[in-house]
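One-letter residues, chain by chain:
Protein chains: 2
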Amino acid sequence: MSTKPYKGFEPKWIKEAAPAKSYRSIFRWGDPHFVKYPKESLYKMMKSTFNMTDDDFRQYDGDIGWDEVDLSAYPSKLSEQHLNGLRAIVGTSYVSTKDYDRLAVAYGKTAYDLMRIRERKFDSLPDAVVFPSTSEEVEQIVAYCTKNNIPLYVYGGGSSVTRGVEPVKGGVSLDMRKRFNKILSFNETDQTITVQAGLSGPDLENALNNAVTVFGAKRAYTCGHFPQSFEYSSVGGWVVTRGAGQNSTYYGTIADIVLSQKYATPIGCVQTPHYPREATGPDLNQIMMGSEGTFGVLTEVTLKVRRYMPENRKRFSYIFKDWETAMDAAREMMQCECGYSSVFRLSDPEETNLMLRLYNVDETPLHPMLDKLGYKDMERCLFLGFTDGEKEFSANIAKNIARIAKEHGAMSLTSFVCKAWEKGRFNDPYLRDSMMDFGVCTDTLECTVTWSNMAQVHKDVRAVCHALPNTIVTTHMSHCYPQGANLYFIFITRMNDSAEFKRYHSTILDAIQKSGAAVSHHHGIGKMFAPWLEGYIGKTEYGVFRVLKDYFDPNYNMNPGGTIGLDLPEDEKRFLLDK
Amino acid sequence: MSTKPYKGFEPKWIKEAAPAKSYRSIFRWGDPHFVKYPKESLYKMMKSTFNMTDDDFRQYDGDIGWDEVDLSAYPSKLSEQHLNGLRAIVGTSYVSTKDYDRLAVAYGKTAYDLMRIRERKFDSLPDAVVFPSTSEEVEQIVAYCTKNNIPLYVYGGGSSVTRGVEPVKGGVSLDMRKRFNKILSFNETDQTITVQAGLSGPDLENALNNAVTVFGAKRAYTCGHFPQSFEYSSVGGWVVTRGAGQNSTYYGTIADIVLSQKYATPIGCVQTPHYPREATGPDLNQIMMGSEGTFGVLTEVTLKVRRYMPENRKRFSYIFKDWETAMDAAREMMQCECGYSSVFRLSDPEETNLMLRLYNVDETPLHPMLDKLGYKDMERCLFLGFTDGEKEFSANIAKNIARIAKEHGAMSLTSFVCKAWEKGRFNDPYLRDSMMDFGVCTDTLECTVTWSNMAQVHKDVRAVCHALPNTIVTTHMSHCYPQGANLYFIFITRMNDSAEFKRYHSTILDAIQKSGAAVSHHHGIGKMFAPWLEGYIGKTEYGVFRVLKDYFDPNYNMNPGGTIGLDLPEDEKRFLLDK
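So the sequences go chain by chain: A and B. Start counting at 1 in the first sequence, then tack on 641, and there's your number in my numbering. Start counting at 1 in the second sequence, then tack on 641, and there's your number in my numbering.
In short, the hints are calculated from the structure, not lab data. All of these numbers come straight from a predicted model, not from anything done at the bench. Yeah, the Cβ is synthetic: ideal placement off N, Cα and C, and Gly gets one too. Be aware that a few hints might be false.
[Unchecked claim] Far from chain B by the CB rule (all over 12 Å, computed), these chain A residues:
{"#": "1", "residue": "Lys653"}
{"#": "2", "residue": "Ser682"}
{"#": "3", "residue": "Val710"}
[Stated by the list, open to error] Under 10 Å between C-beta atoms, here's a sample of chain B residues computed to sit facing chain A:
{"#": "4", "residue": "Ala661"}
{"#": "5", "residue": "Phe691"}
{"#": "6", "residue": "Gln832"}
{"#": "7", "residue": "Thr882"}
{"#": "8", "residue": "Gly884"}
{"#": "9", "residue": "Thr906"}
{"#": "10", "residue": "Met930"}
{"#": "11", "residue": "Ile1038"}
{"#": "12", "residue": "Val1090"}
{"#": "13", "residue": "His1120"}
{"#": "14", "residue": "Leu1174"}
Sequences and hints are given; from them, build the entire structure.
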């Protein structure tokens, strides 16, 4: 993250691009030429926190994935007849059984995935990768796989942290990145855009920001959806998992942004209604969203778009004296009826400690002042964000936030810290790869809480995370609502074994379920969180998901293997609540 | 509506309360002592428009329902054994087979219902009426009816205009008004309230407005949900039909206001999640809402509440030169990202003509001026509303609305017209009863449109309505969104026969379906709109509703008889779109 040379010992951070066709080129985050590693002060902090020495950073801990992918031990099990069947649909060039193509869509981006590739543990591989181009092709592939009982998976942006894309039963994986990424129509009157599900976040956003030239529109637009995975995520992935972007406090989660969806299901094409609200029975849009590929393949999405007016943005950052007061202030900001800030992010004391280092505040004269002014390290809480919308609307929210922050004893840190956060907002995953080369693991978990149970959930989950020695657990509140918020936990610890990671992850999820929080606010369920879902939803309630599955995909060929718990063995389910 | 004496002939408007136990006390709207009838200028307009003379108003057209209800020709068919079974659950006093109690819950409030009672046509009657008091009692009643195959209906506020409450298969109807109307808890931290489904709109709102004394809260709150039926509607009715209030442009429809729901279903109690957003599979809250009693009986609802700050309200009204320009202005107001006005109502030229009379603008010096200034009768469009929220937020929306109105050539009519509208907003149904006594029928239909197809739907539906001679069809846009709005059609015509009404109503619904609009924005589907639902949703898509029904209520005892089309004969369904 810093290009400043270290004064003392500097680990051999991997700064060069991974070789083409290598394992590393698959498991590392994003842009092959972008590198991020800890600056010296953070490196020192890591060593002391994790009880490590320079010696631990003299050699890589485990395989760094420099070799070319070789799956000769795992040949494709799909028959030539079926490969020909698929080729007949999309063309010969767009069906692949190559090793690299198969591994490239096998895993998402939870640390469990990265560790397994580093360990060369291939629990799941597709037998063939297909690159469709049109909704009609996808419909034919779904029909073909259904008829021939072939498991079908979808790989959109590949940033799943829930094992959502993992083809645990083999079969076919649709790689949407290459050809299923077109904008189909733009309607400026209704402020909507219709796209293929494989379109990437940046491609969507660039087209909207440049709508005047791209579509001949009157002005620029934005989708307002910016998950941390933005640069390597797809519209389809956002929708089927019910994702949320970092600006969701104003723009809403994707569940608010979607107007209509089209799916290729085993029983045919499904098109949801396209009106903002209606009273025509259960809401089909909200039934299909969250199905995570288990009802069929999402092909097309119509999204609401908003006017893009970054010139009206007001950035802010404040420091509060303690977590309790800061939570109260955040709640007041969300309930005072002045509209919502776009980014709205409050860090707990442990995260504040880390962020002030990450964003270089520790190198400014501000840092020593904070303690003197009563904003004490490991008590103080950093709050940052920015507003969007029409000029006066945006300014008035910032004004109310300033008023409420002041009333709660906070001090303004100007827009400096927010700008620093913006610079790093999409590239923290690169830092993770650098640390993992030396056996330091970082990953995240998140849940929804009400204002009433926020303090308790925060306390309970942190206690469980800290039960592992030498662990940093940082928490922030983001994606806020008048009734509650998302609590986002980031844990950093010395760990380099996928089985150990899975146990640790599972212990934290137990704690989240026991605390009564919603088991996911925006990451979705996938296969990794599936054991907790029925226990959270309730047995009678969960049965709804099962009858929907039986309706759309009675033979269980769509994203099979436990996704959202549908074909999960009973003994793997975790019922921890008295429900 | 006016207490001014007529100068010429005045019809014998019924001004006294209907006798206790009379038919009229059931079919007329609301407060027995409140009366509303047309002022003289409107009476004259009615005569000329409907081609009527004073002679048509010298005697009542048909029965005015003064007699005591007598159902001796329709005895209860429920066995004493079952009556005892129900008495064992709720107590002997709370199971009734009395004529009045049975008719009181048989019909809702569409003109079709009122006409049928005036005609003494009792297509549907419950065999017994039960008055439950707790969720546990409702759960036991659902279990009893399921076990014994007894149809079960629910009567909340009784303002359904879709035959939603009508017990077409007889059996039991739960009258929720008397005892199932309690507030269960209030959470000021989360700004939520949990209530029994039978609570009335005014009881909810009064408690919230007086939260300081009622709950010992820090401030006053509002639910923000004010349908025209507000005074005689129930929370449960709002939720199961997906209702919307007149302030929904700011507060959202009930689908936005509900946080959590509890149902008594044939397969057991169902409790939906209670977080503002989550990524835990299909959204159970949005699956249960819109089920209209067909999956089970809604027992408890947790609603989001907002701060009540009427002192910040900014009222406005404007007159535009024509419908096209006014629609453009409304769209700009909804898309400019400054937040949304609470009431936001734009009338088309025909409605504007009527409203200026209804709100007495025709008696002010303003009226003759409008034409002179180029705002011509039957071209000009009235736009009115008010803003809510934090002081500056509210003021800024009003400021933006003023700016956009001016840019589109509108003239301000100050807050006068909005205030006049507010006075009448909940009591127009009384006017309907007075007119119906003389064979003039008024009723409404509504649908959702996008901005793109709004003009076309408006034109198509009006053309069909006007095909009936001597008809007034007024339209307004309300419940607005950046992507579209609700179009609300009110037709007034000389008609006093339920069969004729049904044919006319059906013809208009055909036109709505053919135009591609959503068949309901907030009235729901019930039994009356059911024939159009599958054609609107699509066959594969509609199948979702059927599998949900099969899951919750496999024996079809919950609100049976075609509600949301579930047990509607195939040959009654109308498929008019190429879907």
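How the hints compare with the structure:
With 12 Å as the threshold on Cβ separation, the claim that A:Lys653 sits away from chain B holds: the shortest Cβ distance comes to roughly 39 Å. At roughly 36 Å from the closest C-beta of chain B, the C-beta of A:Ser682 stays outside 12 Å, upholding its exclusion from the interface. Non-interface status of A:Val710 relative to chain B is upheld: no Cβ of that chain comes within 12 Å, the nearest being about 31 Å off. The interface hint given for B:Ala661 is violated, since its Cβ lies 35 Å from the closest Cβ of chain A, which is over the 10 Å cut-off.
Using the Cβ-Cβ criterion of 10 Å, the hint placing B:Phe691 at the interface with chain A is not satisfied: the shortest such distance is roughly 31 Å. The beta carbon of B:Gln832 comes within 5 Å of a beta carbon in chain A, closer than 10 Å, and the hint placing it at the interface holds. Because the closest C-beta pair between B:Thr882 and chain A is about 6 Å apart, less than 10 Å, the hint holds. At about 7 Å, the closest approach between the beta carbon of B:Gly884 and any beta carbon in chain A falls short of 10 Å, and the interface hint on this residue holds.
Because the closest C-beta pair between B:Thr906 and chain A is about 8 Å apart, less than 10 Å, the hint holds. Because the beta carbon of B:Met930 sits about 7 Å from the nearest beta carbon in chain A, less than 10 Å, this interface hint is met. At its closest, the beta carbon of B:Ile1038 sits 8 Å from a beta carbon of chain A; the interface hint therefore holds under the 10 Å criterion. Among the interface hints, the one on B:Val1090 holds; its C-beta lies about 8 Å from the nearest C-beta in chain A, closer than the 10 Å criterion.
The beta carbon of B:His1120 comes within 7 Å of a beta carbon in chain A, closer than 10 Å, and the hint placing it at the interface holds. Evaluation of the B:Leu1174 hint against chain A yields a held restraint, the C-beta minimum of about 6 Å falling below 10 Å.
The earlier numbered hints that this structure contradicts are 4, 5.
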